[in-house]
Amino acid sequence: MGRFAPLLPELILSIGGTILMLVAAFTGRRGSGLTSWLSVALLIAATFALMGAPSHAGPVFDGLIAADLFASFGKAIMFPAAAIAIIAAHGWFEHDHEHSSEYAVLIVFSAVGMSVMVSATSLVSLYVGLELQSLAAYVLASYRRSDERSAEAGLKYFVLGALASGILLYGISLLYGFTGTMNFTGLASAFGRGAPSLGLLFGLVFLLAGLAFKASVVPFHMWTPDVYEGAPTPVTAFFASAPKVAAVLLATRVCIEALGPATEAWRQIVIFAALASIFLGAVGAFGQTNIKRLLAYSSINNVGFALIGLAAAGPQGASSVLFYMAVYIVMTLGAFLCVLWMRRPDGEPVETIASLSGLSQTRPAFAAAIAIFMFSLAGIPPLFGFWPKLLVFNAAVASGYVALAVAGIVGTVVGAYYYLKIVKVMYMDDPVEPFERAREPIQGFLILLAAVIVSPLGYLLIGPLGALTDRAAGALF
Amino acid sequence: MIASIAFYLFATLTIAPALAVIFARNPVHSVLWLIVAFFNSAGLMLLLGAEFIAMLVVIVYVGAVAVLFLFVVMMLDIDFASLRSGFTRNLPFGIIIALVLLAEIIIAVSAWQAGPALSGHNVAATTQPNIVALGQLLYSRYLFPFEIAGLILLVAMVGAIVLTHRRRHDTRPQKVWKQVARRPDEAVKVLDPGVGEGMKL
Numbered sequence: 002m003g004r005f006a007p008l009l010p011e012l013i014l015s016i017g018g019t020i021l022m023l024v025a026a027f028t029g030r031r032g033s034g035l036t037s038w039l040s041v042a043l044l045i046a047a048t049f050a051l052m053g054a055p056s057h058a059g060p061v062f063d064g065l066i067a068a069d070l071f072a073s074f075g076k077a078i079m080f081p082a083a084a085i086a087i088i089a090a091h092g093w094f095e096h097d098h099e100h101s102s103e104y105a106v107l108i109v110f111s112a113v114g115m116s117v118m119v120s121a122t123s124l125v126s127l128y129v130g131l132e133l134q135s136l137a138a139y140v141l142a143s144y145r146r147s148d149e150r151s152a153e154a155g156l157k158y159f160v161l162g163a164l165a166s167g168i169l170l171y172g173i174s175l176l177y178g179f180t181g182t183m184n185f186t187g188l189a190s191a192f193g194r195g196a197p198s199l200g201l202l203f204g205l206v207f208l209l210a211g212l213a214f215k216a217s218v219v220p221f222h223m224w225t226p227d228v229y230e231g232a233p234t235p236v237t238a239f240f241a242s243a244p245k246v247a248a249v250l251l252a253t254r255v256c257i258e259a260l261g262p263a264t265e266a267w268r269q270i271v272i273f274a275a276l277a278s279i280f281l282g283a284v285g286a287f288g289q290t291n292i293k294r295l296l297a298y299s300s301i302n303n304v305g306f307a308l309i310g311l312a313a314a315g316p317q318g319a320s321s322v323l324f325y326m327a328v329y330i331v332m333t334l335g336a337f338l339c340v341l342w343m344r345r346p347d348g349e350p351v352e353t354i355a356s357l358s359g360l361s362q363t364r365p366a367f368a369a370a371i372a373i374f375m376f377s378l379a380g381i382p383p384l385f386g387f388w389p390k391l392l393v394f395n396a397a398v399a400s401g402y403v404a405l406a407v408a409g410i411v412g413t414v415v416g417a418y419y420y421l422k423i424v425k426v427m428y429m430d431d432p433v434e435p436f437e438r439a440r441e442p443i444q445g446f447l448i449l450l451a452a453v454i455v456s457p458l459g460y461l462l463i464g465p466l467g468a469l470t471d472r473a474a475g476a477l478f
Numbered sequence: 303m304i305a306s307i308a309f310y311l312f313a314t315l316t317i318a319p320a321l322a323v324i325f326a327r328n329p330v331h332s333v334l335w336l337i338v339a340f341f342n343s344a345g346l347m348l349l350l351g352a353e354f355i356a357m358l359v360v361i362v363y364v365g366a367v368a369v370l371f372l373f374v375v376m377m378l379d380i381d382f383a384s385l386r387s388g389f390t391r392n393l394p395f396g397i398i399i400a401l402v403l404l405a406e407i408i409i410a411v412s413a414w415q416a417g418p419a420l421s422g423h424n425v426a427a428t429t430q431p432n433i434v435a436l437g438q439l440l441y442s443r444y445l446f447p448f449e450i451a452g453l454i455l456l457v458a459m460v461g462a463i464v465l466t467h468r469r470r471h472d473t474r475p476q477k478v479w480k481q482v483a484r485r486p487d488e489a490v491k492v493l494d495p496g497v498g499e500g501m502k503l
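If you're matching them up, the sequences are chains H and Y in order. The numbering of the first sequence is our numbering, which starts it at 2 and goes up by one. The numbering of the second sequence is our numbering, which starts it at 303 and goes up by one.
Worth flagging that the hints you see were computed from the coordinates, not collected in a lab. Among the hints, a few may not be true.
Stated by the list, open to error - To spell it out: a stretch of chain H is covered by chain Y in this simulated footprint if at least three of its residues, at any positions, have a beta carbon under 8 Å from a beta carbon of chain Y; those stretches are:
1. 62 to 71
2. 182 to 188
To be verified - Selected chain H positions facing chain Y (Cβ under 7 Å, derived; list incomplete):
3. 13
4. 110
5. 117
6. 125
7. 129
8. 132
9. 136
10. 137
11. 227
12. 289
13. 290
It should be emphasised that the depicted structure is a prediction, and the values quoted were computed from it without experimental measurement. C-beta atoms are modelled at their ideal positions from N, C-alpha and C, and glycine is treated no differently.
All chains should be modelled from the sequences, with the hints used to inform the complete structure.
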């Protein structure tokens, strides 16, 4: 049993998820509430199980996966995010009678995949984790079968995701073929033997391309706006939060642990991807009228900033990536929880930015919450979203990439435009038909909590969170 | 010697049909070329001394190709009558392909008996059948990814059921009990229309 102790969170989730599957099978449609709450309980239990062996046991199963603080940090922010995606869906699917218990179970399995991703230290576990997470995500994207857009989103995501998996696998096979090992440490020592050969470089590029697709980084971002728009909103909230963190953390671990000696080879790729994501994410959002599409571009833009921290490499850079993703997940979930509350008085959800017009007069508190998330996503100083941006720029400057940091700052200014546009629509335009008054105290509490964290009060977290990310990033070196 | 000849034979015959898969205009031909490519990659596995994987490639992939074939037939509009018409004309070509495959099998078997000459270092296959070695590794060192792969299959199954098995309101299934319980007086209406009055239903 001691051998399995480091895997306790994954064991809780996978065994619990399988049992919940049975519960779902026997209770049918009536059991959706029960399964949802049990899934939330499982995810919370898994989060608590991270304390102890899962955060410091080191390599498990001959170095296939690592139970270190880096992985635990990722899981500690992803599991609650997955739980929030389940809670958010509960009220939302009820209203169109398409809710079934499988939604929660699929999210639990997806969480298992993500936790394997962040703790993978071998190309085998990297691939199975990624595939488990993606496969559940494809199903979730087309969860509302009656909605054409949802079916289209699922198909698009599936076809492009399968292509990305193919590219990733090709990269893995090249790396394995030229080094003879799948372990990150083995790869690092192979890359450490002088300049990498052409085959290794090709493997590296394909591997990074596959990961970039999963993290929706430019130039592999094309699917993001369509899938985020078409998928049911709670699913979009999930896509934009936990899986994205998993993909970015996985890329960080691969770049630093496996490809560390070849930093010069991947740094240029990461720098290009970071800047392209920042600018394309900002420019692409300009003409959008749908708030989910806009948030999709916003997530592309934000991952670009996190990649600046990765390009800086070194402990400070890795720590800033972790900090960035932790704050990003709170801002994004907050913003999406607000989008979930955008409903006409008859309960029909709306997604247009125009429907927010004059919200400050009809629903002042709601408008204030959205404004806080928008300002924070834009990185405007008094709010907490500013601090992680500062950290990644700091890390870039510290490793001598001043131009990169300056370009990032310019990108922030460009991107601020469309966040501010939403605030302008809410506060300066004439009011339209008010939204339905939501009666969901838990969601309301979560929005409030997220708003408090990203408000200037969040600066109180800098000390503990900073220390934690520093220690977590230290696990990679 | 025979091993290197066999390697280059199989390698060429894997790559060339793979190209043909892409360039063939007819999707059915693509699928057939794919089978040739799979058989030859199985031959490559055989040269490495991995006879179990070679058999697996043949069984699994040719099985998968059968499904792919079904998809091609169902999804695409192909005129099978015109495909079948040239049977006698194409028979010599078919026989040549069959002979090539037969020659390959003979070469593969003789090369395999010569031992895994190409793998560089001798694999333990001589002392232990590699199906045993594979099983031992899967349930010890690679237990973790193996179990996760099991979860992936579970998710695939759950996903397929979630997406297809749901109640629809726009279908009209046959209700046998309703048909059986139907009585003549519900189904037939006897009317006596007067001359020139027409009928009201």
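Hints versus structure:
1. 62 to 71: It holds: at least three residues are needed, and the stretch 62 to 71 of chain H offers 4 whose Cβ sits within less than 8 Å of chain Y.
2. 182 to 188: violated (count 0)
3. 13: violated (14 Å)
4. 110: holds (5 Å)
5. 117: holds (6 Å)
6. 125: holds (5 Å)
7. 129: Hint on residue 129 of chain H: holds, closest Cβ of chain Y at ~4 Å, below 7 Å.
8. 132: The hint holds - residue 132 of chain H has a Cβ within 7 Å of chain Y, the shortest such distance being about 6 Å.
9. 136: Holds: closest Cβ of chain Y sits about 5 Å from residue 136 of chain H, inside 7 Å.
10. 137: This hint holds: residue 137 of chain H lies near chain Y, its Cβ roughly 5 Å from the closest one there, short of 7 Å.
11. 227: It is violated, given that the least Cβ distance between residue 227 of chain H and chain Y is near 19 Å, above 7 Å.
12. 289: At about 29 Å, which exceeds the 7 Å cut-off, the nearest Cβ of chain Y leaves the hint on residue 289 of chain H violated.
13. 290: This hint is violated: residue 290 of chain H lies away from chain Y, its Cβ roughly 30 Å from the closest one there, beyond 7 Å.
This entry does not satisfy hints 2, 3, 11, 12 and 13, going by the numbered hints stated previously.
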